[in-house]
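Colleague: These protein sequence lines are chains A and B, in that order.
Under this note's numbering, the first residue of the first sequence is numbered 24, with each subsequent residue one higher.
Under this note's numbering, the first residue of the second sequence is numbered 802, with each subsequent residue one higher.
These are computed hints drawn from the structure, not numbers from a lab.
Note that beta-carbon positions come from the ideal geometry of N, C-alpha and C, so glycine has one too.
Certain hints may be false.
What the hints assert, rightly or not - List time: in silico EDC-like cross-link candidates among lysine to aspartate or glutamate, alpha-carbon distance up to 20 Å: (1) B:K1084 x B:E1105; (2) A:K83 x B:E927; (3) A:K314 x A:D333; (4) A:K237 x B:E1143; (5) A:K188 x B:D1120; (6) B:K934 x A:D107; (7) A:K188 x B:D1021; (8) B:K858 x A:E129.
As the list claims (entries may be wrong) - Some chain B residues flagged as far from chain A (calculated, every beta-carbon gap over 10 Å): (9) T870; (10) L904; (11) V930; (12) A938; (13) A956; (14) L969; (15) A982; (16) L990; (17) P1025; (18) E1143; (19) A1147.
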Amino acid sequence: MAKRFALTRWLMIVTASLVANPGMGDDWPQFRGPHLGGMSSKSKLPDKFDGESGSNIAWKTPIPGRSVSGAIVLGDQVITTTSDGLEQRRIRLLSYDAKSGKLRWEQQLVARGRPYCHPTSANAAPTPASDGKHVVAFFSSNDIACTDLQGNLLWYRSLASDFPKAGNDVGMSASPAIVDGIVVVQVECQGDSFALGMSVADGTTAWKQERPRKANWASPTPVILPSGKSAVVMQSSENLVAVNPADGKELWKIDMGCSTTPSSTVANGRLIVPSGGLTALDLSSAGAPSKLWFENKLNTTACSPLVDNDKVYIVNRTILVCGDLFTGKVLWQLRIPDANQIWSSPVISGNRLYLFSMDGSCAVVSLEAEEGKIESINKLEDEVLGSPAIAGNAMYVRGAKNLWKIEAK
Amino acid sequence: MKKNVSGLVFLLALQFAPLLTGSSIALADVNPQQLEIFRKVQPSDEVAVAQASKLAKELSTRGDLQSLTALRAMKGASSLGKNWLLGLANAAQNRQAASKADLEAFLKDQNQDPEARYTVFRWLVEGNVEARKQWLASMTEDSSPEIRYEAIELALEPTDLPEAKLQLLLDSARQPEQVTAIIQRLDKLGVKVDQAKHFGFLTQWKFVGPFDNVGSNKFDMAYPVEADFVAGKLADGYTGKTGAVSWVSETSSSSEGLVDLAKLFNNEKGCIVYGVAEVNSAKEVACELRVGCINAQKLWVNGELVIANEVYHTGMQVDQYIAPIKLKAGVNKILIKVCQNEQKEAWAQRYIFQARICDSTGKAVPLN
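Isolated chain B (complex conformation) (with noise of 0.2 Å):
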């Protein structure tokens, strides 16, 4: 009975605390070294999934840990760590909000992890719109994706931008739908941009094909156009579905950089064309090779396999496939494998591709 009671006298002092403090319970926070399990999940790991878990049932059982302590363990975890952490955090949040100045400086500090300053940024807004204004006001170059793209949204939103603010906008912008009404809205003021070069799309291919996929079971299937790429020497022709096949050269004069294989190959089913494209590179550099294809595809960037989807008619957009490459200084070939299947509705009549290269954040890299 008087464990009870004492226990009582606990939960009122807890209870109370704020109103005898005048602010709100600072409870023990923990060791951000016990985050270590969340920072470390990787993919397939069960064990790791099980010890996670576990370990978030005790601090949910606990309750002493702070929203801030899991969003800064965010930092160079992993990305499935992150997600436990982020977890970890809201509810924390829910418990017991932190404060609006250590939100704020949080999201001040760009050495912290992005996706981390864009939650706390939407805990420190939602709701109030005028917050939102203001801070996205200044966020436009931002280091988090989200935010930056939310900050050009914002500054979209004046139907009259002048044309130099329009310009900054267009430089800042990375995701492609903004990317492209920018340059919609510059046109109507009579600004020319070059869509396709602003993407850094490839827009210069030599193709050859039609090849059999008749039975869609020619993906993995190396036609030997894939063993010449690989040993840097394509022949000029090569056995096609039908009988010899010979390269030829396209140019797309799509602004999203797309190349119609349907119209190059007169709807050509049940078949495989192999493209090539060669950028000029000043130096070496670490970059991205994003597709966007309706068909299977496969892609090899100097004899490298970098891409590989066995996917048909489930949806096409920029940046659908997205693989780090690296490009040495000099040419380098990019090799793309498109296959069309046999499906006769109306819908999965497409063999389309489009492919760019461009830095981690989305912006072209400067090449010939």
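Next comes chain A alone, as it looks inside the complex (with noise of 0.2 Å):
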């Protein structure tokens, strides 16, 4: 009973300080949406669609270079990067009409970190975040620059020359995260590893905390604690730490192997936190939260965990697993069929799952039943790494080579 109500006021809470961020209300301002859960309840999208025909597809528009970051939506904004040029040491930002999908402003810098990748990835890798007021845009590089909404900018800084062994030829994607006034990046490598935050207003350094030489692809997750107040919760190989946003601090610190690729997931006063499977951490008590549950079976490969109407979804390679969100259990699978490799991470808009596989082919799974059920397969003729935003009725998918709005005719 304690417990419930415990639960109770940190929604409450989290529900005031989500009404209390005004004008960001429709928008998907960073990875995985406002909420980091990947879902967007009040919209519609089409059941079906595809790129050849261009059935439900309001627009698509090349962008040159490669990408492999998510969109963000800041109200008739589209917000991506990309990065193109020699070595892909143009870095740049773009920002589409919504309605349109034309071109309304761009940023365009030089890496002066190190830009290599595997071919798979691109420097333009991690997503940018945005506040309302200012869009920060963060590549594999470790060069991250912030604009004003219209493309002006406001700071830059190059992290691998602050840091010059900072970074993986493997190619980095940690994206930031916006938590009160401060910019969180993740840049951890068997060089110069380290956490960062730095000032939106200005990008000078507000803290720095060394973490684990070893390569992390996993980002921050902002949280709210019980008190009310923020937290930045990191994950690595050895361990879970959250951090107090405005100077650093380490607020609590589980050791865990965490994994290294998804990130974790907050929902209902849980923290899900792959871990070679998925651990479930109550986050409604103060101090470092104390385990609800672990399941092995709830593996997540690449793609970060979605929780939604009590259930949680991982993609073990190309199966959809769903599982019980208060006791771990597993409640169905699901598998894709003819994907390839999968490392968007899935959205969920009303009572549909919307999960893409590398070759451009999205599986919408219904979510009605007691268990899924493919509704549809839709092809859009891109490379799709990063993962959906969804606002309004629409669903902007960044292709590596094209922004695409899907969105019922």
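Make the complex out of the two chains shown on their own, each in a separate frame, by following the hints.
Modeller: Now the structure itself:
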């Protein structure tokens, strides 16, 4: 009973904090959306679409270069990144009109860090983030730039110049998070390995924390603590740490081996941590969260877990697995037919889950019945590695070569 | 109220000025000296970041900076400063595009910063395939590596280029994959190019090892080979991981100058191998040592440590690590320390490197 009360109080705090963030209502301001859950319960997306025929494709805009990041949506702007030119050293932040798909503004810089990566990836790998006033673009080369919503450069830093051994030639991909005016990035590799908090206003360092000298591609996860204060959770193969975004001070640490590709998810007072399976932690009480359950059958390969309607969804290679949020018990699993590699974290809209595989085919899975059912397999003529964004009744998909708007016609 | 009306009149005047004058609004430009703050930004200089950010906001609010003014200021700026200026130039161009004539003049001016010129090139040809082709047709020797690369890529599009044209493009090309592609096309025409020599890869080596690196904790441990190399007197043999070890000669026959230490040292894990190469330069020359290596490595030139990367199995490519060096006239000695760890994954078994000496553009320097 006490636990239920704590959870309810926590949810009230979270709701209040979301309401207190005006202008972000229908936006998709960061990797996996406004609440990091990859969900948009209000949107009505089509069950079927087709890139070749243009069925339910509002527009498709080719973008030079290559990107494996996701797009973000801010009001009537869809913002994404790309990298092109010699060694993918030209790093670009582009804003498109959500209605027409036409370019509105562009920023373009030159990577000062290592732009090298596996051919599957790109220098433009992290998804940009926004607090509604600033747009922060981060790249595998550890160049980071901040603009306003009109594309004016507000600040720029080359973290690889500040910390010359920062980098991973497989490619880096952790997306930035903006919490309480601080931009948090995880730069974790075998060389200079650290997390950094920077003022979103001017880019100056608020704090720096040393991190394990091991490759890590997981993104920082903002959470709201029972006290109502913000924290940022960072996972690594060695531990799970929560820090105060204002000063980087450690709030709690749990020694546990976390996954280094998929990121954690927050839902219903629980922190869902990919960890060679899935670990659910109770965020509703003060101090280090206690473990609620661990389920090794919920082992997500690359996609971050997704929570909706008291169920948790993960993708193990090409199998979508649904588990009970409260117990971790596996409820059903579904093989995605003809899927090759899946890197793109799925999203949910209404009672449909949208899961893209790398070849651009999207499985639309109905979540209405007791078990998931594939409604359709839809093809975009593009590689898709980034997670889609949902705003209004549209889904924006950043393919490697194009930006797509999918909307019922 | 009166103040508001006059403000409105001013805004309307700005709005309709192009119609009245028949040209774009010529806003007052900023004094280039104001941009000095950006030009001087250095790594880890937080004060400079704060100052630059403050000024960037002011300039954005004023809106009077013109794109070419920012791009001109890139010449001689620090590498970080160039990006600040590039960002300001992009925003200015978003606000009010420079005239085509001004952009063309800037692109033709080889004295401007190469990255700035390439930016202007993009502005000029974005979405205009024909314009791009016309510009690039005469730019295969351009001083901007980015422009040169694109020009050569375009020139290589026809599949039936004759040998003479390919040879010209080979002389111009610097980007490793582009160079390799041209050499392969020449090969199909029956023209053999010594690729390793063209790149300047070091192919003659002497190695000694293995030395212990169990636990991957000997990267910074100086085995006697290092001190001897710095002192300029290498011994014939040393005490290795499992006993006495002595130098063995190896000549790489790889067109990419690859030296496979796993093959040479029986797939030894948790170990370190040292290699020495000598190059003879006719004169003192400033150049670059460029290395590709899948393992942790250190390199010394004539006793001076120039490269150190304690990174295992995260990718490898030509020119992965670059260090400026100075060769003296006569014999120059290069020492490489290559460390292998004990990872068991199939993709973590490689123990391999390549090294070359070239000028700052990537062209091999003449050596014996």
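Colleague: Far enough from chain A: is every CB of that chain over 10 Å from the CB of A956 of chain B?
Modeller: 16 Å, holds
Colleague: Is the Cα-Cα distance between K188 of chain A and D1120 of chain B 20 Å or less?
Modeller: 16 Å, holds
Colleague: Going straight from one Cα to the other, do K934 of chain B and D107 of chain A come out at no more than 20 Å?
Modeller: Since the Cα atoms of K934 of chain B and D107 of chain A sit roughly 18 Å apart, the hinted pair holds (cutoff 20 Å).
Colleague: Over 10 Å to the closest beta carbon of chain A is the bar; see if E1143 of chain B clears it.
Modeller: 15 Å, holds
Colleague: Assess, step by step, whether the Cα of K314 of chain A is no farther than 20 Å from the Cα of D333 of chain A, and give holds or violated.
Modeller: 17 Å, holds
Colleague: Checking one constraint from the list: CA of K858 of chain B to CA of E129 of chain A, max 20 Å. Satisfied?
Modeller: The hint holds at about 17 Å.
Colleague: Within a Cα-Cα threshold of 20 Å, do K188 of chain A and D1021 of chain B meet the stated pairing?
Modeller: Given that 20 Å is the threshold and the Cα spacing comes to 15 Å, the pair holds.
Colleague: Does L904 of chain B really sit off the interface, with its C-beta more than 10 Å from all C-beta atoms of chain A?
Modeller: It holds; L904 of chain B is separated from chain A by about 15 Å at its closest Cβ, greater than 10 Å.
Colleague: Could you grab the alpha-carbon distance between K237 of chain A and E1143 of chain B and see if it respects the 20 Å cut-off?
Modeller: 15 Å, holds
Colleague: Does the claim that A1147 of chain B lies outside the interface with chain A hold up, using a Cβ gap greater than 10 Å?
Modeller: About 15 Å separates A1147 of chain B from the closest Cβ of chain A, which puts it past 10 Å; holds.
Colleague: Once the closest CB in chain A is found, is it more than 10 Å from A982 of chain B?
Modeller: 14 Å, holds
Colleague: Does P1025 of chain B really sit off the interface, with its C-beta more than 10 Å from all C-beta atoms of chain A?
Modeller: Nearest chain A Cβ is 27 Å from P1025 of chain B, so the label holds.
The earlier numbered hints are all upheld by this structure, with none contradicted.
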